[in-house]
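> Single-letter residue listing:
2 protein chains.
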Amino acid sequence: MDRVIRLGMLGCGTVGGGVATILAREADDITARTGAKLELTRVAVRDLDRDRGLGLPSEAFTTDPEEVVAADDVDIVVEVMGGRDPAGSLIRRALELGKPVVTANKELVAHEGPELFAAARAAGVDLAYEAAVAGAIPIIKPMKESLAGDRVERVVGILNGTTNYILTRMTEEGADYEAVLADAQALGYAEADPTADVGGHDAAAKAAILASLAFDTAVHADDVFTQGIESVNATDIRVADRLGYVIKLVGIASEADDRVAVRVHPAFLPKTHPLASVRGSFNAVYVEAWATGELMFYGRGAGAMPTGAAVVGDVIDVARNLLQTVRGPTESQHRAKSIRPIEELSTQYYLLLDVEDAAGVLARVATAFGEHDVSIAQVWQEGGGDSAQLVLITHRAREADLRATVESVTAIDSVRSVASVLRVEAEVFDS
Amino acid sequence: MDRVIRLGMLGCGTVGGGVATILAREADDITARTGAKLELTRVAVRDLDRDRGLGLPSEAFTTDPEEVVAADDVDIVVEVMGGRDPAGSLIRRALELGKPVVTANKELVAHEGPELFAAARAAGVDLAYEAAVAGAIPIIKPMKESLAGDRVERVVGILNGTTNYILTRMTEEGADYEAVLADAQALGYAEADPTADVGGHDAAAKAAILASLAFDTAVHADDVFTQGIESVNATDIRVADRLGYVIKLVGIASEADDRVAVRVHPAFLPKTHPLASVRGSFNAVYVEAWATGELMFYGRGAGAMPTGAAVVGDVIDVARNLLQTVRGPTESQHRAKSIRPIEELSTQYYLLLDVEDAAGVLARVATAFGEHDVSIAQVWQEGGGDSAQLVLITHRAREADLRATVESVTAIDSVRSVASVLRVEAEVFDS
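For the protein sequence lines, the chains are A and B, in the order given.
Every position in the first sequence, counted from 1, becomes a number in the working numbering once 28 is added.
Every position in the second sequence, counted from 1, becomes a number in the working numbering once 28 is added.
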């Protein structure tokens, strides 16, 4: 006789609907692979009247999430409501009750992960969150388990599908940011208020989670230097293409001297790099580890079914542990590391300057660069007359020096504005 | 106080050396992440006199692998000797003794997997084999655990680094197969007897293991239709490039109507497909699953440290289970499925014919195709006079019909030979 493990789900929106659909359709194989039947017994929703077409009895639904957490017929709590509040307190309550939790909530884990992991550890139960980073892509488990014997040196991720979709269309159509964004909004690929995506904040939350895992320490979302794609323009994309690069919004986490650096910003990536071929709304996480070398994990970063599948994978994992009354590997945050400020970053830079007279201004621009120890690798003029622009690619320089250079250059009369400053991850390697 | 888990290793060649090096260098982090110290207490080698520079006491080494398996101070057996015999009987013995086993042995798992999994199940201990497929790439665990809630529909893998290295150089240098193979042998990228690699047999073993996992059934290495890259020539590569494809040696496993099809052969892949950008000796596994959609796992398929890291990852997993006196998810082979023969494959084909007079022969060739219900999508002539060649791309056709067509075409007087027949995986989707 198969045992039954009962699930209580908090929220039943896009991801929750995916979870319920997968559990129903794949029930037989899931039972065989888990060694127990997984039964969705309770679901907390906002609106009881909406028909979700999930084939669950109406008694399963309630508007009280506390009730789901506390219910006797709930063995595992699945949190797919999102947001920090009340999701955080509900998860804490579940853990206190000794119930393992599966969550898809990146915002919560990126801000309150260490406290939640400590609560799970104290309660001796699992807290799984595969779906919180890069949707369907198995990355949390591989980092925590498969790479447990290795030393991760760097993680570079394309962690937000909306921005990758926009940048891909800008690249392939030569279109401008505003036009593509408007179209993406009309098509439902971008939200009406796109700030969380285009501002890099969604990617920053995921980068913080990945950095914590990679380096056995606690990195908070606020520790991540974050710059969005709002200022990337068609000229930037064209120049990048001409030089053999594509522009991607990347999250980069690295470690040196027990200091962790985590940043999210648009960057030039060489076209030959595996990340450069990640198109449209796909996500990917590229990992460099001491023994393993380079790894890349690629797949869908969002969507009801992909994210739902990641949640169900976690549920099966947690259920298998429940059956053996054990728990999976808990978060290893045994190393205290400080955060390296962005000013200490050393990489190459691309700058686009609007100037009045390209020829006359070059000497003054070059002098400003030299005064701040930023060496110019390439420079040329785009356009001419009233719409003249100077393109500069630097050698590797310190971010603090580059910023001082930008300030000096901005002060030159015949420089109208510094239109773009983007990092060039030429070797996709810096420290 | 930390517990100690003691490892006995069978073999200490390339992979074994990597394992020992990683265990030594990463000892502190491994202890923190595992919750126990992992100690390599015994190593079975062929030659006791060789200095391996691993910092292990000389008493740790023995020439008797049976002794390592049976030793009281060995909790986990790590098999990195390779080959089916005596590795298979040593692993069986370890399992009988209730000792979990980690192996990197693809040949053994592809041929005797079901029996070994049954022995592990009977003994109630873990048998882990992440390193057996695609070296450092975490693919076994993600398939078994992360995708446990989903239905895998297709797996397409670049599973052999040597052949991918050869095909990449042929593509990027326009060089011929024989020249690149000779160079690869001189550089140590290919063995003196390269048959296992270039004949597709190594990839076939890995494809069988992946198919078993993906479809919850037992697929044997001998069930895999296998064709190597020996006959791929520079013209094939050039034609593929012109049409927007690259030629890769792929392992493709798919399922329809409870029948599993597994094949390894060179194929045209669209340049825009993520697998097309896997260059040099890298491996990648592309997975299509019902809910998850498309996933790709990319990384190093071989080498002391990458493969060693995969073995150590498994060892940590098994050690964590030992500490909680449980075991990980065992192989689910609960579905009996038959193997679909290659004759029933339906895909597109590319053919290269050496002909005496391209113009005169076309009508007769076209007639032969028509008689066997194989429809021609594109045809053109390469070269002329004595070295004239006809290139044909078919629409989707059945393999059996294509083979009959090739037989008829070969019989036409003015067709000197059918120089190439390769499958075109245009949508990288067929069934």
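Take the hints with a grain of salt, since some may be wrong.
No copy labels: a pair is met if it fits in one copy or bridges any two.
What the hints assert, rightly or not - Straight line, CA to CA, 30 Å or less: simulated BS3-like cross-link-like pairs of lysine-lysine: (1) 365 x 172; (2) 172 x 65; (3) 65 x 365; (4) 65 x 299.
Bear in mind the hints are in silico, worked out from the structure with no lab data behind them.
> Please go over all the hints and tell whether each is borne out by the structure.
Tested hints:
no.: 1; hint: 365 x 172; result: within (18 Å within a copy, 34 Å between copies)
no.: 2; hint: 172 x 65; result: both (27 Å within a copy, 17 Å between copies)
no.: 3; hint: 65 x 365; result: between (43 Å within a copy, 23 Å between copies)
no.: 4; hint: 65 x 299; result: neither (47 Å within a copy, 43 Å between copies)
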